[in-house]
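These are the residues of each chain, in order.
There are 2 protein chains.
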Amino acid sequence: MSVPFQTRFIRLAAERSPLCVGIDPSADALKAWGLADDAAGLRAFCERLIEVCGPLVASVKPQVAFFERHGPEGMAVLRDTVAQAHSHGTLAIIDAKCGDISSTAAAYGEAFLGPKSPFGGDALTVSAYLGFAALAPIFDIARRESAGIFVVVRSSNPEGTELQHAVVSDGRTVAERLADDITVDNGVGMVDGLGPTGAVVGGTLGAEVARLAARMPSALLLVPGIGAQGATVADVQRNFAEHYRRVIPSISRSIAGAGPDPSGLQRQVERQIADIADA
Amino acid sequence: MSVPFQTRFIRLAAERSPLCVGIDPSADALKAWGLADDAAGLRAFCERLIEVCGPLVASVKPQVAFFERHGPEGMAVLRDTVAQAHSHGTLAIIDAKCGDISSTAAAYGEAFLGPKSPFGGDALTVSAYLGFAALAPIFDIARRESAGIFVVVRSSNPEGTELQHAVVSDGRTVAERLADDITVDNGVGMVDGLGPTGAVVGGTLGAEVARLAARMPSALLLVPGIGAQGATVADVQRNFAEHYRRVIPSISRSIAGAGPDPSGLQRQVERQIADIADA
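These protein sequence lines map, in sequence, to chains A and B. When you line the first sequence up against this note's numbering, it's residues 1 to 279, in that order. When you line the second sequence up against this note's numbering, it's residues 1 to 279, in that order.
No lab work stands behind these hints: they were computed from the structure. What you are looking at is a predicted structure, and each value in this text was computed from that prediction instead of being measured. For glycine and all other residues, C-beta sits at the position ideal for the given N, C-alpha and C. Heads up, some of the hints might be wrong.
Stated by the list, open to error - To give an idea of the interface, some chain B residues facing chain A are shown, with a C-beta separation under 7 angstroms as derived from the structure: (1) Q63; (2) A65; (3) E68; (4) R69; (5) T104; (6) Y129; (7) G131.
What the hints assert, rightly or not - For each label pair, taking beta carbons as the anchor points, the in silico distance ranges come out as: (8) B/G89 / A/D38: 25 to 33 angstroms; (9) A/G206 / B/H88: 47 to 55 angstroms; (10) B/K31 / A/S169: 39 to 47 angstroms; (11) B/D180 / A/S169: 16 to 24 angstroms; (12) A/H88 / B/K31: 32 to 40 angstroms.
Isolated chain A (complex conformation) (with noise of 0.2 angstroms):
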């Protein structure tokens, strides 16, 4: 039985930084960065990427659609990239927001979580618009594979308010019911106070997320939407106030932004590292 997620990313964050670096190879930043928007030029990107942050941080976090927009090439690329962050001992976790039922659900956590998958990941992002309860085959997997679950909770686009804030029969609303969840499923086999499961927390929500983060003591925290999205860092320990020791600060455009040259990309890093620290 090899070590839990959890676990892992607790010590690794302790001796590097909780930074998590979003690998984000849009259009937009292949071209920024003067590569062909094809499999070539994404593998450049995260190549680079990797190469420079990888050994500085706990994880990284490629999204997959990014991957997928280059068909089975980019695939073997987001193959490679969880490679290349283990070579480092970084943590890949797979930004996916997946989600199903029965025998698919099951297929995503195959897919996605474990050395012995084909993608490798140490954790992976999940959706619950088929309810929480449906996921159970990807948190089995997850189990089983010492690996994390980040279930999307609250995001950081306004649009989601409406959704994520509906109620449910009991007068909690969906992002209160999932966290609720999160935590009667961590119940089982918690390790450290925290369990495999975790949530996806939008940076830029204010008060509202220490509120979420009390009612999941036993969940790290990702948070995305840290810079290009309009939060800081500061904003975001404010924010999570007490619960902010287990946020997983996701930053992706502000660092890609600093550009290919690997002097730049590394001064840019250390940077968000720094802030990280001083929070």
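Assemble the complex: chain A is given as a structure, and chain B must be docked to it using the hints.
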């Protein structure tokens, strides 16, 4: 400008059958056909299913997780499966239930929709947990590519009910809100009374589905869960009432369950087509 997805579907459904053959090559399905659980087994399964069923129906629906679990090689099979469907004039609805925001949402559209995309799908299923409006970049690409979108509105699995029945600020349920959003979205550029944005609605939900369908008169209704998940074609016809003419009944396990023998497979798909024609 090519013919919109919804028009292509309606024409082909009238010529052949509205039946959609779901392509769900799970580990169990491959085993039941005596195939290896690898990319070669996956390819053999999909080729046989399309070869026999493709010419008889309007559309097929490969589920991406079952291809992703075989890595980049599996994704090459997905690409080739879509191309093989097209060689029979059959439409390919890629079932990914994906969703994200801004450039990431656009990347899903670029990956899966239209003849210039690497996977070449005619339509895509999406999930709206981040908000219907967040999916706008995918809808824009669908329109540009004359492709279709199916937003998961109401799923047949019991775990989905609580979230999908949660109540938004104006008193509508999440499912009702999404149905209304689809109608507003289709208001622009409608052809033949149908728009490019359809819905996934479960087949096992009783009278609720006719009320939902009535809120989205311009939506094609992709209805999985027939057969193995408990609903019969007659149930679906009764439940959807006058909206049944917009239903795309999707059947997966009860077709693949006939086994790999082409004549048995053909009898099974013809039986399903006859059931639908009689309903």
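Hints, verified against the model:
no.	hint	in the structure
1	Q63	holds (6 angstroms)
2	A65	holds (4 angstroms)
3	E68	holds (4 angstroms)
4	R69	holds (4 angstroms)
5	T104	holds (5 angstroms)
6	Y129	holds (5 angstroms)
7	G131	holds (3 angstroms)
8	B/G89 / A/D38: 25 to 33 angstroms	holds (30 angstroms)
9	A/G206 / B/H88: 47 to 55 angstroms	holds (54 angstroms)
10	B/K31 / A/S169: 39 to 47 angstroms	holds (40 angstroms)
11	B/D180 / A/S169: 16 to 24 angstroms	holds (21 angstroms)
12	A/H88 / B/K31: 32 to 40 angstroms	holds (38 angstroms)
Violation of the numbered hints given earlier is absent; every hint is satisfied by the structure.
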